[in-house]
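Protein chains in written order, with the numbering used here: chain Y, 5 to 244; chain H, 107 to 326; chain U, 2 to 226.
It cannot be assumed that every hint is accurate.
Unchecked claim - So, partial list: chain U residues that the calculated Cβ filter (under 8 Å) puts toward chain H:
#, residue
1, Gln133
2, Arg136
3, Lys160
4, Val167
5, Leu168
6, Gly169
Said to hold, decoys possible - The calculated label-pair distances, taken between Cβ atoms and stated as ranges, are:
#, chain 1, residue 1, chain 2, residue 2, range
7, H, Lys158, Y, Asp75, 24 to 34 Å
8, Y, Ala126, H, Tyr323, 27 to 37 Å
9, H, Tyr323, U, Tyr205, 29 to 39 Å
10, Y, Glu215, U, Tyr205, 45 to 55 Å
11, U, Thr119, Y, Asp75, 53 to 63 Å
12, U, Leu190, H, Val303, 16 to 26 Å
13, Y, Gly190, U, Thr119, 40 to 50 Å
14, Y, Pro201, H, Val243, 15 to 25 Å
15, U, Met129, H, Val116, 35 to 45 Å
16, U, Pro86, H, Val243, 55 to 65 Å
Since the hints were made in silico from the structure, they are not lab data. Since we're looking at a predicted model, the values are computed, not measured. From the three backbone atoms N, C-alpha and C, an ideal C-beta is built for every residue, glycine too.
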Amino acid sequence: MIKIEGLRKSFGALEVLKGIDLTVNKGEVLCMIGGSGSGKSTLLMCINALEGIDFGRVEVNGIDVHAPGTDKNKLRQKIGIVFQQFNAFPHLTAWENVALAPRRVLGQSKAESRELAEYHLAHVGLGDKLDHFPSQLSGGQQQRLAIARALAMKPDYMLLDEVTSALDPELVGEVLDTLRLLAEEGITMIAVTHEIPFAREVSDRVAFFHEGVIHEIGAAKDLIENPQLPRTQKFLSKIL
Amino acid sequence: MFDYRFQWRVVFKHWPELLDAALLTMELTFLSVFLGLLIGMVMSVWRKSENKVLFWFTATWVALARNTPALLQIYLFYFGLGALGIHLSSYAAVLAAITFNNVGYLIEILRGGLDSINLAQRGAALGLGMRPWQVYVYVIFPQVLRAVFLPITNQVVWAMLGTSLGMIIGLQELTGMTTFLQSQTFRPFEFYLVAAVIYLIICEIMLMSARLIARQYFRW
Amino acid sequence: MNSFSMTFTVNDFYLMLQGAAITFLLTIASGFFGSLLGFLIGWGRALGYTWLYYLLSIYIEVIRSVPLLIQFVLYNSFLAIAGLPIDPFVSGLITLSVYISAYVAEVVTAGIVGVPLTMIKAARGLGMSYLQSFRFVVVPIGARSVLPSWTGLMLGLMKDTSLIAVLGASPPELLRSSQIIITRIQEPLAILIGAGAFYFIMCYVINMAVQRYEKSWTSRRKVTA
Chain Y
5 MIKIEGLRKS FGALEVLKGI DLTVNKGEVL CMIGGSGSGK STLLMCINAL EGIDFGRVEV
65 NGIDVHAPGT DKNKLRQKIG IVFQQFNAFP HLTAWENVAL APRRVLGQSK AESRELAEYH
125 LAHVGLGDKL DHFPSQLSGG QQQRLAIARA LAMKPDYMLL DEVTSALDPE LVGEVLDTLR
185 LLAEEGITMI AVTHEIPFAR EVSDRVAFFH EGVIHEIGAA KDLIENPQLP RTQKFLSKIL
Chain H
107 MFDYRFQWRV VFKHWPELLD AALLTMELTF LSVFLGLLIG MVMSVWRKSE NKVLFWFTAT
167 WVALARNTPA LLQIYLFYFG LGALGIHLSS YAAVLAAITF NNVGYLIEIL RGGLDSINLA
227 QRGAALGLGM RPWQVYVYVI FPQVLRAVFL PITNQVVWAM LGTSLGMIIG LQELTGMTTF
287 LQSQTFRPFE FYLVAAVIYL IICEIMLMSA RLIARQYFRW
Chain U
2 MNSFSMTFTV NDFYLMLQGA AITFLLTIAS GFFGSLLGFL IGWGRALGYT WLYYLLSIYI
62 EVIRSVPLLI QFVLYNSFLA IAGLPIDPFV SGLITLSVYI SAYVAEVVTA GIVGVPLTMI
122 KAARGLGMSY LQSFRFVVVP IGARSVLPSW TGLMLGLMKD TSLIAVLGAS PPELLRSSQI
182 IITRIQEPLA ILIGAGAFYF IMCYVINMAV QRYEKSWTSR RKVTA
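Pulled out of the complex, with its shape left as it was, chain Y reads as follows:
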């Protein structure tokens, strides 16, 4: 379970997160929607300590993420993250990308990690691209590669930061299909997204972010079809 209490974070003089309280349970799919700059991406990075926090508490599996003694690297093995800009490692082939962390961090052998990579790449539909370099893959394929790479570490949670925003429209579908598959398989996901229909269909809850706080949160279908608060209504009416 991920538990966030009273989280505040500023970048210099700019306060980006103004007090977040959120609990995400195992197996849950939560989508975070809202305008740019409302702090959603920052929140994701506060969960796996890629960003520090100023006030509050983030707890993952009962561990205080930002406590001085916490082994952040170990914690990140349990949290997978995929970014908007596909960050495939350009100097490694697809399978090497996926096998790298299991091999070097989890200590698996070359053969084991290769098998693992083959499995996960096939799982996301890239089974025939094992020996391709990222430069030879389309944006959608690179993004699926990034997802497979994160999954190979068998994380408890998956954080997805606008993973389709940088893709050409025709490539968005294949990535969303992959995410849909993962959701059905029961993985705990927190996804920042602009794809409202996807959010409504696939997630359990949707949180609407505005100016650094969670303005409204509720069951996916309810929030999107019947937003209670005016700002949420305004945002959704602009998009849908």
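Got chain Y; can you put chains H and U on it based on the hints?
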């Protein structure tokens, strides 16, 4: 005007010694660049560190290496350390000085490369749970080395030119050996011309190897 | 000087001072001639004639691939053979000029080629001849963009003057002066650090000045394509 009879045979008679010296030159060049890269990669990270000590140590090293003559640096290692009781052989002094010099330039080169690597690569690697040192070794530096491969090969040539200074402290790399041989045979022009040609050949060999390495390892 | 002093004397200080002056003189002289030559070569390479480009490139490659020490003695011994007994100081000066011209040429070519094509088209479109557009448009713009690199070369040249000692040229420049004193008084560290400080301060100060100039220029005017 040209009342001089060129005698090339004398030079070719000493072929083995020249070859040995040429190999020594290459050995010094590669060693100093290899060591320089290892040290330089670590220090290029320090260059961006928040740790004041590491930052200033690195900045000072770079400033000293790049703003003083290489020959002075060799003198400092050879004579300067000698005054402190540490007696380096001319080989060790040249290796130390040229490596010191190389590190200064390589840090700047590598720093440029580091800046050009997408910050997010680091985030992605860390996100997978890799430890910072693993991120640098497996993800960042392979990309950096490819990005700045050309300036690094330039630095290799520079290092080769630097080894010739060893002659002044008696090291018998190519220039030193050539000087020695011509002083024995009184044929300066022939010997130095041949030496120049050998340097050209060494340079070509190194550049070709660099191209091959690039093709083999940087196909992506 | 009839007493053989084992300490650093006033004369020694003057020797080093003179050495610094010689270093300075050598740098400026060979820098001037070398840059002139390098400018012509670099321009030639940028003209667009393939044969000329490759021919001049060979010149540059050779000079860049052979150690300066070898070039010094090679040229000196060549002159001796040819029966032209030139003072080693002068032959060293010529060698330095030729040496630096190769590096300057590369920088000049880069500078010329780096001028945005739109600028040149505009100049020619106004009726300027090639030479006019070169003189009034390419050179001013290119000069500013290569100033940092060129300064770097000149500072490198100053460091390389320390090698002229191999020819036994006199009067000695800074590093040779230092070495002369060291062999007598056996106090290498202090003297080397003193000489090093000279080089260091000159290089560092000039670099700072160039960086500041560069910053002021880019904030005043931006050359956009």
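Hints, verified against the model:
no.: 1; hint: Gln133; result: violated, 35 Å
no.: 2; hint: Arg136; result: violated, 32 Å
no.: 3; hint: Lys160; result: holds, 4 Å
no.: 4; hint: Val167; result: holds, 7 Å
no.: 5; hint: Leu168; result: violated, 11 Å
no.: 6; hint: Gly169; result: violated, 12 Å
no.: 7; hint: H:Lys158 - Y:Asp75: 24 to 34 Å; result: holds, 26 Å
no.: 8; hint: Y:Ala126 - H:Tyr323: 27 to 37 Å; result: holds, 28 Å
no.: 9; hint: H:Tyr323 - U:Tyr205: 29 to 39 Å; result: holds, 37 Å
no.: 10; hint: Y:Glu215 - U:Tyr205: 45 to 55 Å; result: holds, 49 Å
no.: 11; hint: U:Thr119 - Y:Asp75: 53 to 63 Å; result: holds, 56 Å
no.: 12; hint: U:Leu190 - H:Val303: 16 to 26 Å; result: violated, 39 Å
no.: 13; hint: Y:Gly190 - U:Thr119: 40 to 50 Å; result: violated, 59 Å
no.: 14; hint: Y:Pro201 - H:Val243: 15 to 25 Å; result: violated, 43 Å
no.: 15; hint: U:Met129 - H:Val116: 35 to 45 Å; result: violated, 59 Å
no.: 16; hint: U:Pro86 - H:Val243: 55 to 65 Å; result: holds, 59 Å
Going down the numbered hints, you'll see the structure goes against 1, 2, 5, 6, 12, 13, 14, 15, while the others check out.
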